[in-house]
Amino acid sequence: MAFGSLKLNWLDHFDSAWVSEDALSVVTRKGVVTLYEKLLANKEAVSIPQAPLQLRGPQLPEFERGTATDYEQDQFLNELLSSQLSLARIICSDSPFYSTLRRRVAILQRIYCALSSKFHNKGKSFYSGVSLHSRGQPKSKEKTSEPKYGADILIEMGIKTGLSLMFALLRQSWNSGQGVLCNEVLQTASSVLTALPPLSLANESKMPELGLETLEQVMEFLKSVVSRQSAADDTGRQLASELLLRLSVHRGSLQCLLDWVGMAVSGVVGTGEEGCGVAVKCLQDIQDEMLKSATQKGSNAEVVEPTIVFEPLPSDVTHLPLHQSALCLLSQVSKLADQYAKCTVKSGITGEVSFHGNSFASNEEVYVWGSNSSHQLAEGSMDKILVPKLATSFGSAQQIEAGQYCTFVIFPDGFVHACGKGSYGRLGLGDSTNQTQLKRLNFDNECLVKSVSSSKGSDGHTLALTLDGKVYSWGDGDYGKLGHGNSQTQKIPKLVEGALGNKVVCCIAAGYRHSAAVTEDGELYTWGEGDYGRLGHGDNNSRNVPVQVKDVANVGQVACGSAHTVCVSQDGQTVWSFGSGDNGKLGHSDTNRVYKPKVIEALQGMVIRKVCCGSQCSLALTSTGQVYVWGCGPSLGTGSVDATSATPKLLLALQSHSVVDISVGDSHCVALTQDNNVYAWGNNSMGQCGQGHCTTPITKPKKVLGLDGVAVHQISAGTSHTVAWTALPMDRQVVSWYRAYCVDLKESTFGCLKAFLERYCIGLDSDQPTPPFASKSEHHKFVLLCLRLLSVHLSLAVSAGASSNVLGVHTTSLRKLLFGLLDASVSEEIQEAVNDALSAGASLLLPPLPERMEVLHSLLPQAPESWESLTFGERKQLGIILSSIQDHTHVASLLGFTLSVKGASPDEVPLISTSLADVLMKTLLRNLAFHTERCLESIEKSITTSSESIPEECEEAPPLHIHDLLLSLQKHLFAYCHNATSNNGQVMDYHLSLFLPCAGEILGSVYRLLTNHCLICSLLDVLYDSPAGSMLSLVLHSLTLMSFEIVQPLLSVCTSLLPLFDQLNRVLPAAAIMEAQELEWPVLGTSQKIDPATIALPQPAQSWVWLVDLQRTCALFIGRVLGGMLTGPPLSRDEKACEKWLNAPLLGCGLE
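Every letter in the sequence shown is one number past the one before it in full-length UniProt numbering, and letter 1125, counting from 1, is 1125.
Treat the hints with care, since some could be wrong.
Unchecked claim - Keeping only pairs whose Cα atoms sit at most 30 Å apart, straight-line, the calculated DSBU-like set for lysine-lysine is:
#, residue 1, residue 2
1, Lys292, Lys281
2, Lys649, Lys703
3, Lys776, Lys876
To be clear, the hints were calculated from the coordinates, so they are not data collected in a lab.
When you get a sec, could you build the whole thing from the sequences and use the hints?
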């Protein structure tokens, strides 16, 4: 087997996989072989066998006829030299070093092309105008004040006047010592509140403005009664504090409860001889009320399992002081919040689905609207339903699929029920009759189904996916779209076998005349009608069994339209489409048919959460909650019936909302926002857009009527009807920004917790507790509960996709506070809670990238001795920042290779200043070099005590991700300089002018140790992990890919490295063996089928092969640069045009 040159062909859909590959793997020959096999498996590289050896040299001149001319002699010598060079090139190209080098360079090219393609957009916005600070965060709703009329004004005046009078009378009575009457009033009010059901005052949206103002006025009065300045007696203060607490609990607002806690521990409340407290019975009632409300299964489907156990209240006293009452309340709130956070990530997110547990509520609500012509809405009348109607027969549904005049419902028991049109057996009930009410389907072996996909057009067919990853199909079988090997109609569910028989399927999609499925290992299978190339197999042929689409890999989900297919990679970073390109619905800027999967370039740089297809449109939902549309018609939501877009465009009408789900019917679309609002647009001829009329079409997204206050969590659009329901989905995470008593993701919540911590973290290391706490344990418990509640809120905010704006002005102070606590003398329990909070909310607590860089520069040691001066908190903060910056998007932005400027071209917007990157790389290099030198010094000092044993400090990796961050910066530098159209290598030149001499100094230090002491094994790991080891190998091999103009300034410094490599390899065992191997290759007796790159050497020589390869690569690089200098600059356009004549014999002796 000959190992000749390579034919390279990069495939876009493998970019994400190559970006995540460890580039340092190419340093060793074993790593090169592994990654090269991956290139071959992906069919991105093909090894071309070298041509047979041509041993015939040039033809000798005919000297017999006379002396050859000077021209003939020159020509003969040139041909002879060329022949010898060609022979040498062929022989050397088969050697172990060159075979490895060729593959190593190809792998680096692939990695750099992937990095450049995905992250070096140079002007193309990753988020297309979406503000990163508003990602996933609900917009605050401003109430519009309605005009007030005479009667309303009189009522308002009467209520406010009456309250003011009552408050004045109560204060006067307390001042005159007649507090009994006042206390009776408070007692009566408390009794009324006790009789009310839980959360009676929670829905403030349904309360009149006057009611809210009155409630706030009452609570302010009660606070004044409890305060120290109040003239009320102890009983009055106690009743006022209890009444205030009951009001806060009935409002269900965490902010109100925290305000009460703040009041109770503030020290400004009045205290008599017995003090001001809260009755234990009152606390017990509140505890029972909170527990009952938290564990009941309500319509919002947010179920907290009834496993919460509150701390028992003391039974030997009747009242608790205010600060102890606050501790009890804060403990209850913290436990509720922690339990909710644990239950938020449902089983479907982790891939585990259980239908027979308590995971789902039994009284979910389902709303339906649109056409009911075939009883697909299971309502008695066949009339259109123009506004959402509560469908009692669909109650407690977990999953619903709206199809073509039919509906499928999966209940919590995992069984499927269907209703609606029954033609062609599309309901799977064994016949073709219409079904007016839901009826259960029968599957083999009582299979439990987790999802259903039903076509929106043609003659109707349906796919079902079971819990164990099997696919069933039924309905019309034309074109083989059922996948059973024929075109017969199937009236009951039948297992799809063939290629999917031994596969675990994770996603299914039923198109109009074709079907698709995605397996857990990322394979895409399609079957059905093949015209227009909708199956993606490169032809128009139909398939009646599932066939794998060979041109894609790592697929995560798929959607099928009328005659086209769209699929998304598992990481959401690549979207392909194929099939009919009519009206631009493929998103490739044209209307051409595409027979094989093709990447939608306009969606590159985004993370796509979901795709949907209709008849003439396609939709994509990004991870930032934005919707992109392409195709034609009102489904584009642009306000025009005739709109057309052949490339994905941002749906501007929903830009200000954070969308969490989308669904597309035949010609109408539905979107669900973070705050549970449903929007619809497109065809509305049957009222399927829920606007109260059937005027068609709806050209811009409009909020569906009649769903205010309904916690909608899922949606489904059929051909002409729509369904929305409240059950939590199993395929995505749902995090509520508000939950009664325990969760409120608002700036004020974080501000309140920060205020508690700032005030009460003082004195944690003191022997005396901070007032009002009576003991150190109470003080410690209060701080711990605040930290736990903060940690839960940070975790939920991250899960909800919130930006740092949710912390508002408290971001910086919270970050400093938490990192400061790491350095404080606090208990291990508090230290652990602080670490949990930092781990949960690191992405929110960190400042934006420019400010983050400033913090980083202030923390990074500027001298070797500075490391010891860093506190534990500073080290933790430094580690988190360094880790966060390693994200590829941040690295590209830091180096100025990413421009998120909407509508700007690379020529219009200058690159971001890279001075911060220059300083950062210089500082990182200095720290790495110091770490290496310290290890070498430690090894030298240890020689007198132990031979070849590595000191403990050398076994540790370079501190705090420094090595990884510098490596990531270098990779992006090389990727940009390798793929950039213009010469922009100034940053790289500056860095390498520092990096290469630093590496040379380390090589010199290692050589001195090796010549004085035999420490080969001890030095191997230290050198390999240093800047002069694997990192230098990556740098020099990458330089062989760069253009001559970029690398020429580095010639002198690379030349100075060559003697260092030579003297070092002379004292190491690998060079001599490898030299003999190269000269004698192919070794006699060796099989011709053996890959020269896989030939192993005996130890310890094998461990140093990478260093010999590095020396040879350095020499090759120097030779190439010198050759470029001798060749001179590239030919100009005119010189190329005249090249034929300049080389002709006529001008061979010059123009004379």
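Now the hints, each set against the structure:
no. : hint              : in the structure
1   : Lys292 <-> Lys281 : holds, 16 Å
2   : Lys649 <-> Lys703 : holds, 21 Å
3   : Lys776 <-> Lys876 : holds, 27 Å
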